[in-house]
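Trainee: Sequence:
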Amino acid sequence: MLNNDVLRSLRYLLDVSDGKLEELCRLADYPVEPGLIPACLLREDEPGYRSCSDVLLAHVLEGLVFYKRGKDDSRPRLPVEKRLSNNLILKKLRVAFELRDDDIQAILQSADLPMTKTELGALFRAPGHKHFRECGDQILRNFLRGLTLRERGKSD
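When we follow this note's numbering, the leftmost residue of the sequence shown carries the number 3, and every step to the right adds one.
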């Protein structure tokens, strides 16, 4: 899944402005070039479109964790990933929204993609682990859709 698609999905999921996404980057101590976020939210065929880098998306996700859960200044900060995978995006969202396995299963079920605990656990394993499973675009896309249904449905 393209980082731009994930960024657009997050913006819709959170129901926030471009400025709020920039604020999330600042929470993660990442200064965003003016106009970059709106350019990354455009479609590829629109003038002014810019590709969303792994570093930018990683900082948005890190800022989302801080926004939802708060910063813990007593613990040293881990370096932000320079290379993102769908598995890492899923992990960051799991942390930000404080989701347990059964929450994730329900979210995927609501998006018509049921998954067992074993299948789900494989997505969160370390890449070298023998039971590691790569998170495909379909899984991430459906997870984001289900999470959006859950989060945006709360305010109704």
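These aren't lab readings, by the way, just hints derived from the structure by calculation.
Glycine residues also receive a C-beta, built at the ideal position from the N, C-alpha and C atoms.
Any given hint could be a false lead.
The list that follows gives simulated cross-link-like pairs (lysine-lysine, DSS-like), each with its CA atoms no further than 25 Å apart [what the hints assert, rightly or not]:
hint: 1; residue 1: K94; residue 2: K73
hint: 2; residue 1: K70; residue 2: K132
hint: 3; residue 1: K73; residue 2: K22
hint: 4; residue 1: K119; residue 2: K22
Between beta-carbon pairs, the in silico distance windows are [unchecked claim]:
hint: 5; residue 1: Q111; residue 2: D47; range: 30 to 40 Å
hint: 6; residue 1: S76; residue 2: E46; range: 34 to 44 Å
hint: 7; residue 1: K73; residue 2: D47; range: 13 to 23 Å
Trainee: State the violated hints by number, sorted upward, taking the hints as numbered earlier in the document.
Mentor: 2, 4, 7
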